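Chains as they are written, first to last, in this note's numbering: chain A, 1 to 746; chain B, 1 to 81; chain C, 1 to 227.
In short, the hints are calculated from the structure, not lab data. Model, not experiment: these values are computed from the prediction. All C-beta atoms, glycine included, are put in the ideal place defined by N, C-alpha and C. Some clues are possibly wrong.
Said to hold, decoys possible - Selected chain C positions facing chain A (in silico; Cβ < 8 Å):
id, residue
1, Asp16
2, Phe31
3, Ala141
4, Val168
5, Leu202
As the list claims (entries may be wrong) - Now the in silico label distances, taken between C-beta atoms and shown as ranges:
id, chain 1, residue 1, chain 2, residue 2, range
6, A, Pro561, C, Ala223, 32 to 38 Å
7, A, Pro390, C, Gln116, 50 to 56 Å
8, B, Leu50, A, Pro397, 30 to 36 Å
One-letter residues, chain by chain:
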Amino acid sequence: MSASTITPDLIAQHQLTGEEYAKIVATLGREPTLTELGIFSVMWSEHCSYKSSRLHLKKLPTRSPRVLQGPGENAGIIDIGGGYAIAFKIESHNHPSFIEPFQGAATGVGGILRDIFTMGARPIAVLNALRFGPLDDPEHGRRNRRILEGVVSGIAHYGNCFGVPTIGGECVFEQAYNGNPLVNVFALGVFRQDEVFYARAAGVGNPVIYVGAKTGRDGIHGASMASAEFSEESKQKRPNVQVGDPFMEKLLLEACLEAMKTGAIVGIQDMGAAGLTCSTCEMGSRGGTGIEIDLQHVPQRETGMSPYEIMLSESQERMLLVAEKGREQEVFAVFRKWGLDAATIGQVTGDGLLRVKDHGRVVAEIPNRLLADEAPLYDRPYAQPFRRAPLEAPHIPASPDLTRDLLTVLASGDVCSKRWIWRQYDYMVRTNTLAGPGGDAAIVRIKETGASVAMALDGNGRFCYLDPRQGARLIVAECCRNLSVVGAEPVAATNNLNFGNPERPEIMAQLVAAIEGMGEACAFFETPITGGNVSLYNETLGEGIFPSPVVGIVGLLPTGPPVTVDFKQPERAVILLGGYGDCDAVRFGGTQYVKAVLRGLWGLPPELDMAREKRVHAAARELARAGLADSAHDLSDGGLAVALAEACFGPSQTGAAIDLDADLRPEFLLFHEGPSRVLISTADPERALAVARAHQVEASVIGRTQPGRLTIRLRGETLVDAETARLYVAWDRALERALRPAHETS
Amino acid sequence: MKARVYVSFKPTVLDPQGVAVRSALHSLGFDQVDDVRQGKFFEILLAGGLSAAEARRQIEAMAQDVLANPVIEDYQFELIE
Amino acid sequence: MKFGVVVFPGSNCDHDAWFAVQHNLGHQAEFIWHDSTRLGDADAVILPGGFSYGDYLRCGAIAKFSPVMNAVRAFAAAGGPVLGICNGFQILVEAGLLPGALVRNRGLKFICEPVQLRCETTACGFTSTYAKGQILRVPIAHGEGCYVADPRTLDELAAEDRIVFRYVENPNGSLGDIAGILNRERNVLGMMPHPERAADPLMGSTDGLGVFQSMVQSFARVASARS
């Protein structure tokens, strides 16, 4: 290997600290080559090594009898019975989506899809959690609108063309995301339990085969960019963004699944962040083997690429696989059929080293374990979680017009209908979608087993900002509640931890508290975390985002017509499971009412009694499965009033006459966001109430459905009275209106 | 005054559409095709009375901010009287 | 009856069409790879939805050169029934088996939603089980489904009763609200909506199943006339 000229500047440019570099030199027993430095920089980046979060991630529960594969592989795997399994995971593509919204979001979808099908599972569902700055922000509104439009069309472009239904998600607007939008994509695939493939290189002498798109100079340093705060300078060094090719990915999917059926494939991994580097050393490390490749055999799109560039390229739609020696031709034949490049670039060795050659000359030689498993681990100091919002509540004036307030909340960015977004997603392809976007949970049927899988994503940055631990617990509770109202039993979870700079103790404290809260709740609700993603350094020019953990939970239920949110017909009893709940001014401070009507943020998130929450889930689930719920909807953003209004937005626009009997002041009663509550309508209130009683869940009939009008009274006094059509229009058109401000329409 | 603006991916950026068209051309027997890049073409009619320098400045701004994303795309333009 | 479902690189509703025929309709379906020069013993051919060749040049523009398309042309010329759904419709138009063109939706966005269709004619082998004027609820999912043709073609389509489906509320700007048309011989139907997505009660509508049932009925009629 050539003598290297590694300067302190070069080390800093590679986002490595002096100590980290010293560790490299000590372990290698020599100075690294430039190519090796590049390899270390991506493998030891926050993005690949989780060096700031790994210590704390260990606090998360990861096991249950259903978990076939926990964290550490490309995706977690859950037994769904009947000999079948699902693989699922969530991943972020936040920074690229800020720089190039369309391609950033598109390649985010592409990356997570590859994580799923590299395991042998066919992707059958995608959801996404999006965070943007406010569309009407005086300073950044135009850019925020452009980012949202680009992200949504990027997701649509990739998912629609690939042929996976995008069936749900959530979208939230906060100033904290002005310079740092979040794009988290969840994907789920299905396969037989005997069809699972792992990313392990085994069998000394077996060929290492490269398949898919050719390698270009795409996204070099993407992985280390994703771990650095944005500065004016990083906005300049831009040519890092990759272009996604969903058509290529579709071919790659079909070819990989077909090639796996030949039985000639030993292990396979996609090339995501850090491309060839990450896939080679991780496969070797997991298999306890070495890998030797020669870069001259790597299919290249551009000429004159250096070993450094080839190893660090993040060109999309590529896979690395290890085949059984002597059976290469079977694999090649499949890829030829699909018109894809496939080339043997090296072989598995017994020495545990990643050895990279360029035309026979060794340019890198590093132990795989050092790269993949022995990255530095940091126990970063943490203090009190950062918050600027006051703990005390200001005086909350009595509302002069609660109907108007309800209209305001319904039309606010977080609560309003996201139809403008999901209408652009093909949510029906593969004809499995029992419940698509817009409901509490999305449901796909598994044609092969007669069972269905429900899934939901939840996050609440405001709650987590006020109290990261409690916020994270509330997110898990809400996500499980979303699944339960459609009759599903939550079984496993994946998480995306979006935070700011972990080197700041007050930010690290947010991360630690959120992980701990999430761990407690996931353990309690028996939804182990089987994998996920950590996205740190979400800051632009020193401004951090809200602590934004997002959780995706999957649940199982028998296949059948879904229970949906909307009231179906008049003269049904409306039941509130879980009661009116409790609230005070401090616990009211993180609600949508305070955000949309009072334009504030203070206090603490709502309280949560997890045991009570779990009983509500069981009751809701039983009601759904017994066919006792005509409709069911969980109470969350906007509280009882918004849940009631949303139940009026079905095709029949059936409304309700509600009579409440509670001691809370009207604003709290209607809009507080206390958890553990579900709204149902039913033809058989006696039986429904009996189910609630059996689960020791407070429940009462609060009114009846009626045609076309929502009226809510408190002990005879009218609080809200409006035609459902009027509420619907405010809710349904708000997003489109916000995207087309008056001064921009022609 | 009229401006013609051409936008295409930078040479180093993958152009999936160009690749797909190239392989279609190959399969139809056009073996001499080495590479295809696909782009966008805009014809922009500007109000009369604009100086060439001002037109150039405006088209440049449009291309930079709206028509192309300089992160991944290059543009060229010509002005026609 | 046996349906052949053509698979182009990038087709993604091929399996949905196969499933609708096999499980919801209860007839046989078989995939036909785009490289194939023959259709085997298929009694009808379906060109499914998707993004053949990524739809990168124009939708359907590259797929029309696939070897299988010569076989489809010959099959259609011999009177065999051909159903093009969504991308399949776009391919049929690009291949010249149907007149006109499909361009970007008026709103420039991909639209996925159930729409209402009016069945305008039952005088063909694809709609005989419907009533003329019947309203069907069938989903659309496309970015380029706006049907355009010159006025003479539009007049001809109307005069010859070749407009099979019209949108009740036009979602994409299609001229004449056209959602599906026939060739002159009435054995090739192209439609943007997805009948295979409305063939199972669990998917919210079974209104699309009639298209396949009509094909079966028509096949049985032809077969019994032959014997």
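Going down the list of hints, with the structure as the test:
{"no.": "1", "hint": "Asp16", "in the structure": "holds, 5 Å"}
{"no.": "2", "hint": "Phe31", "in the structure": "violated, 12 Å"}
{"no.": "3", "hint": "Ala141", "in the structure": "holds, 5 Å"}
{"no.": "4", "hint": "Val168", "in the structure": "violated, 15 Å"}
{"no.": "5", "hint": "Leu202", "in the structure": "holds, 6 Å"}
{"no.": "6", "hint": "Pro561/A - Ala223/C: 32 to 38 Å", "in the structure": "holds, 37 Å"}
{"no.": "7", "hint": "Pro390/A - Gln116/C: 50 to 56 Å", "in the structure": "holds, 53 Å"}
{"no.": "8", "hint": "Leu50/B - Pro397/A: 30 to 36 Å", "in the structure": "violated, 55 Å"}
The structure does not agree with the numbered hints 2, 4 and 8 stated previously, though it agrees with the rest.
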